[in-house]
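Modelling step: build the complete structure from the supplied sequences, incorporating the hints.
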Amino acid sequence: MDANWLDIGPVDQLPALGARTLPVQGGQEIALFRTANGKVFALHNKCPHKQGPLSQGIVHDTTVTCPLHNWRISLLTGEAQGEDKGCVPTIPVKVDGGRIFIARAEALAGAR
Amino acid sequence: MVKEQKEKLVVIGNGMAGCRAVEEILARDPERYDIVIFGAEPRVNYNRIMLSPVLAGDKTFDEIVINDEAWYADNGIELVSGDSVIAIDREGKELRSRSGRTESYDRLLIATGSDPFIIPVPGHDLPGVITFRDLDDVEKMLAAAERGGEAVVIGGGLLGLEAAHGLFLRGMEVTVLHLMPTLMERQLDEAAGFLLKTELENRGQTILTGADTAEIVGESHVEAVKLKDGTEIPADIVVMAVGIRPNVRLALEAGLEVGRGIVVDDDMRTRDPSIFAVGECVEHRGLVYGLVAPLWEMCKALADGCTTGATGYRGSVTSTKLKVSGIDLFSAGDFSGGEDCEDVVMRDAARGIYKRVVLKQDRIVGAVLYGDTADGNWYFDLMRQEEDVSDIREAIIFGQAFASGGGALADPNAAVAALSDDAEICGCNGVSKGSIVSAILDGSGTLDAVRGCTKASASCGSCTNLVEGLLTITLGEDYSGEREVKPMCGCTSFTHEDARRLILEKELKEIPAVMQELHWTTPDGCSSCRPALNYYLLCAWPDEHKEDPQSRFVNERLHANIQKDGSYSVVPRMWGGITNPRELRAIADVVEKYDAGMVKVTGGQRLDIFGIQKEDLPAVWADLNAAGMVSGHAYGKALRTVKTCVGSDWCRFGTQDSTGLGIKMERMSWGSWMPHKFKIAVSGCPRNCAEATIKDFGIVCVDSGYELMVGGNGGIHLRGTDLLCKVETEGEALEFCAAFIQLYREEARYLDRTAPWIERVGLDYVKQRIVEDAEGRSALRDRFLHAQTFLQKDPWAERVAGAEAHLHQHLAEIRPFAAVGAE
Ligand SMILES: Cc1cc2nc3c(=O)[nH]c(=O)nc-3n(C[C@H](O)[C@H](O)[C@H](O)COP(=O)(O)OP(=O)(O)OC[C@H]3O[C@@H](n4cnc5c(N)ncnc54)[C@H](O)[C@@H]3O)c2cc1C
Numbered sequence: 001m002d003a004n005w006l007d008i009g010p011v012d013q014l015p016a017l018g019a020r021t022l023p024v025q026g027g028q029e030i031a032l033f034r035t036a037n038g039k040v041f042a043l044h045n046k047c048p049h050k051q052g053p054l055s056q057g058i059v060h061d062t063t064v065t066c067p068l069h070n071w072r073i074s075l076l077t078g079e080a081q082g083e084d085k086g087c088v089p090t091i092p093v094k095v096d097g098g099r100i101f102i103a104r105a106e107a108l109a110g111a112r
Numbered sequence: 001m002v003k004e005q006k007e008k009l010v011v012i013g014n015g016m017a018g019c020r021a022v023e024e025i026l027a028r029d030p031e032r033y034d035i036v037i038f039g040a041e042p043r044v045n046y047n048r049i050m051l052s053p054v055l056a057g058d059k060t061f062d063e064i065v066i067n068d069e070a071w072y073a074d075n076g077i078e079l080v081s082g083d084s085v086i087a088i089d090r091e092g093k094e095l096r097s098r099s100g101r102t103e104s105y106d107r108l109l110i111a112t113g114s115d116p117f118i119i120p121v122p123g124h125d126l127p128g129v130i131t132f133r134d135l136d137d138v139e140k141m142l143a144a145a146e147r148g149g150e151a152v153v154i155g156g157g158l159l160g161l162e163a164a165h166g167l168f169l170r171g172m173e174v175t176v177l178h179l180m181p182t183l184m185e186r187q188l189d190e191a192a193g194f195l196l197k198t199e200l201e202n203r204g205q206t207i208l209t210g211a212d213t214a215e216i217v218g219e220s221h222v223e224a225v226k227l228k229d230g231t232e233i234p235a236d237i238v239v240m241a242v243g244i245r246p247n248v249r250l251a252l253e254a255g256l257e258v259g260r261g262i263v264v265d266d267d268m269r270t271r272d273p274s275i276f277a278v279g280e281c282v283e284h285r286g287l288v289y290g291l292v293a294p295l296w297e298m299c300k301a302l303a304d305g306c307t308t309g310a311t312g313y314r315g316s317v318t319s320t321k322l323k324v325s326g327i328d329l330f331s332a333g334d335f336s337g338g339e340d341c342e343d344v345v346m347r348d349a350a351r352g353i354y355k356r357v358v359l360k361q362d363r364i365v366g367a368v369l370y371g372d373t374a375d376g377n378w379y380f381d382l383m384r385q386e387e388d389v390s391d392i393r394e395a396i397i398f399g400q401a402f403a404s405g406g407g408a409l410a411d412p413n414a415a416v417a418a419l420s421d422d423a424e425i426c427g428c429n430g431v432s433k434g435s436i437v438s439a440i441l442d443g444s445g446t447l448d449a450v451r452g453c454t455k456a457s458a459s460c461g462s463c464t465n466l467v468e469g470l471l472t473i474t475l476g477e478d479y480s481g482e483r484e485v486k487p488m489c490g491c492t493s494f495t496h497e498d499a500r501r502l503i504l505e506k507e508l509k510e511i512p513a514v515m516q517e518l519h520w521t522t523p524d525g526c527s528s529c530r531p532a533l534n535y536y537l538l539c540a541w542p543d544e545h546k547e548d549p550q551s552r553f554v555n556e557r558l559h560a561n562i563q564k565d566g567s568y569s570v571v572p573r574m575w576g577g578i579t580n581p582r583e584l585r586a587i588a589d590v591v592e593k594y595d596a597g598m599v600k601v602t603g604g605q606r607l608d609i610f611g612i613q614k615e616d617l618p619a620v621w622a623d624l625n626a627a628g629m630v631s632g633h634a635y636g637k638a639l640r641t642v643k644t645c646v647g648s649d650w651c652r653f654g655t656q657d658s659t660g661l662g663i664k665m666e667r668m669s670w671g672s673w674m675p676h677k678f679k680i681a682v683s684g685c686p687r688n689c690a691e692a693t694i695k696d697f698g699i700v701c702v703d704s705g706y707e708l709m710v711g712g713n714g715g716i717h718l719r720g721t722d723l724l725c726k727v728e729t730e731g732e733a734l735e736f737c738a739a740f741i742q743l744y745r746e747e748a749r750y751l752d753r754t755a756p757w758i759e760r761v762g763l764d765y766v767k768q769r770i771v772e773d774a775e776g777r778s779a780l781r782d783r784f785l786h787a788q789t790f791l792q793k794d795p796w797a798e799r800v801a802g803a804e805a806h807l808h809q810h811l812a813e814i815r816p817f818a819a820v821g822a823e
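Protein chains in written order, with UniProt numbering: chain S, 1 to 112; chain Y, 1 to 823.
Just so you know, the hints here were simulated from the structure itself, not pulled from any lab data. Watch out, some of these pointers could steer you wrong.
To be verified - What the simulated footprint calls covered on chain S by chain Y, stretch by stretch (three residues with Cβ under 8 Å from a Cβ of chain Y suffice, anywhere in the stretch; the number is not a length):
(1) 13-25
(2) 34-47
(3) 66-73
All C-beta atoms in this analysis are idealised placements derived from N, C-alpha and C, irrespective of residue type, glycine included.
What follows is the structure, encoded as structure tokens:
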């Protein structure tokens with residue numbers, strides 16, 4: 001096992017065009033997203049606008065639309081799209097052998 | 001005369017890379033080396049990628065041999081076939097083979113390729129489990145196919161689909177199991193994967209996506225494959241095609257550096273200066289490859305370094321084609337998108353074509369083509385050359401002939417202008433350029449007008465660009481591109497009405513089918529069209545509709561109302577606004593047990609429990625269900641509430657039993673999904689205590705019967721109802737209400753309340769459909785009640801029973817220095 005990556009479970013638990021949450025004790029809850037073609041992304045589960053839970057938004061292409069006020073956030077960069085300005089931190093993830101791995105350092109950033 | 005001692009080159013692996021390397025070396029310097037090739041397979045060198053056509057019966061083994069025995073003899077090569085090398089002694093520069101033979105070398109080339117990966121589920125080693133890598137595997141499959149029966153192929157990638165195709169043509173019943181939601185997800189996007197799946201299914205294969213193999217079942221031979229969800233699929237053979245692993249064992253044991261593959265430098269040299277490696281077994285600049293194109297380039301670099309002088313291999317850009325006859329599919333590069341990327345999409349449903357080219361800073365970075373791959377190589381070339389395509393941007397999706405047609409043709413409008421008058425523009429409706437232009441000259445100045453008058457681009461929409469081009473050319477500055485009715489969203493040129501009509505006409509039943517047939521310009525829509533399409537489909541096909549939770553807004557996905565802090569509020573149904581001690585106790589208990597922040601009486605006569613976490617929702621619902629309460633749908637584009645006053649039972653002014661009627665109305669219409677929220681009220685007399693005249697459907701009871709009111713709402717734009725008609729009995733009131741709801745469900749645009757809808761279509765139209773046309777009314781009512789038989793299921797109870805449990809649970813939890821994963 002590689003100490004830099006945390007295994008957080010099988011990728012098939014993440015529905016296509018869906019999201020799941022990953023609380024971090026003492027840190028920021030993470031939202032994991034899966035796009036139509038199976039790519040997985042991780043962002044803090046907080047819209048830069050009014051902290052809406054991005055994990056509950058609608059995923060399309062590589063964007064998620066926040067459920068509270070329809071801000072569109074890029075899953076690649078965490079940046080708000082269009083007219084809106086703001087950015088949410090992204091966390092590196094990879095899928096290997098059907099399991100999701102998340103970068104330990106970034107996932108724990110800010111956690112005590 | 002002393003014979004000059006030549007250097008001795010020994011090759012491990014008589015496969016595609018090993019032999020190609022030898023060919024390249026011989027082409028440069030045929031006299032340089034004494035060559036010995038070891039091959040584990042008992043045969044000469046053949047074209048591995050053509051094993052698929054051999055399986056399918058399109059080719060024989062003899063036809064796919066690359067180098068026959070004469071080639072080895074003519075070039076003085078010694079082939080040791082059917083004998084694998086089992087150890088490398090680097091110090092003594094010597095090899096040992098399985099048969100016990102030793103062979104010394106001056107230079108050694110490792111080209112051992114890959115091994116198929118076998119998922120280690122129980123039963124993976126049963127007879128009848130076959131991989132797909134070499135001729136022996138093909139022969140095993142052919143022998144099984146002789147006996148007929150059922151084949152299960154695990155893996156819906158390139159290899160798996162080619163195996164499935166071959167076995168299917170050989171007469172077996174074929175089921176493909178694929179873990180991911182779409183086939184070939186590494187090479188295809190969802191849209192293309194959907195087309196591929198549909199085509200294979202139409203041919204008669206069974207394709208199961210999201211299928212996770214738990215076990216291969218059988219006593220002494222495979223009998224079935226069992227999935228994690230419990231499904232069991234009978235199988236006479238199981239083909240495992242889930243991936244490959246570079247074959248690095250020899251190198252690893254010899255102490256060479258090995259990552260995912262044998263690590264080599266740009267000259268294909270390992271960390272030992274006399275040992276080289278090429279093909280799928282190597283890792284170069286961090287990459288391993290699973291296709292043949294890179295190994296041609298590797299072998300060139302290797303041969304240069306071993307003869308005339310090093311030139312260096314710099315890595316490869318690859319593209320994929322599927323070798324299944326009748327299916328044209330091409331994919332290259334990266335099409336995961338992103339904001340600095342731009343998608344150019346073209347769909348032609350009539351011809352089953354989907355093309356997507358992804359541009360980044362005016363360069364092609366990826367392409368997916370389905371149905372027409374003629375331009376695949378051209379896109380691939382532009383991509384590899386990193387060519388600036390801004391000049392041909394507008395026309396690029398139409399392909400090379402069109403885009404590089406030179407000067408005038410690169411402008412699509414000029415290309416349209418160049419067409420002759422009788423050129424067919426709209427293939428679906430057979431409309432020529434001439435008739436479109438004359439329609440425009442006769443005053444059809446917008447796309448909608450042209451569609452209305454000629455039908456051009458009104459069916460599949462793929463020629464919309466051409467029609468708009470004709471408008472621009474014909475009207476010049478006067479054409480503003482304005483639409484009479486706005487398209488649904490930026491993903492399509494079709495309006496809501498068009499989309500609904502076409503869903504019915506073309507019998508489209510799934511969102512990807514709509515997007516393909518109606519030429520959506522985005523790969524998977526957006527947050528405005530997806531929920532709308534999901535609604536249109538469920539309304540059009542109540543019996544068959546499969547819910548797509550990912551196309552629902554959060555409230556409808558979680559069956560509760562999201563609040564600004566991310567918690568949820570829960571409103572149980574109280575029929576007609578009537579409650580009792582048992583329900584009130586259950587609500588009070590829930591409030592205490594889950595520490596709800598607030599309980600509020602709503603405007604619709606319900607109790608709203610605030611501050612519930614999404615993880616607690618199923619437990620809250622279970623408690624409310626236990627007291628007989630179901631979802632109040634306070635979160636949905638659905639029937640919300642039926643508000644009532646106390647009516648003739650208690651009130652001294654009451655003229656009719658307004659509470660009783662309200663309860664009947666609510667029992668009839670709860671659970672129904674609508675274009676927007678829908679509220680009903682029943683007032684027992686014209687004093688109208690239930691505020692029926694600002695509801696979508698209101699009833700005001702009078703002595704002589706019931707006044708039916710429609711199209712009201714509170715909210716930002718307050719609108720009082722219009723009187724639809726007056727009826728005499730409760731039965732009629734219920735029938736008219738059901739018919740009205742169904743008309744609204746079938747004809748309003750998604751997210752239209754009844755008020756703007758009625759203003760658009762006119763009250764007279766609604767009266768004509770509901771009041772004057774008695775037959776139509778009863779048909780509408782019947783369709784509503786039919787749909788209700790599918791919709792009246794308490795979504796809370798379904799969740800309590802475990803449906804969509806993942807929506808309410810975290811995937812896992814991270815505690816610093818320890819991760820606790822699901823499963
Ligand atoms: C059915 C099928 C279809 C394919 N279709 C395509 C396609 O359409 N396009 C594409 O680009 N690619 C395709 N591929 C992939 C392509 O065939 C491989 O990328 C290519 O064969 C790799 O060449 P290689 O020489 O590295 O490995 P191989 O061709 O596998 O050669 C390795 C050889 O080394 C031998 N060997 C291994 N270990 C030893 C040992 N210790 N001693 C002696 N011999 C040993 C093996 O038996 C094997 O014969 C396909 C593959 C398969 C199986």
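* To do: Find the hints from earlier in the document that the structure breaks and name them by number, from lowest to highest.
  => Every hint satisfied by this model.
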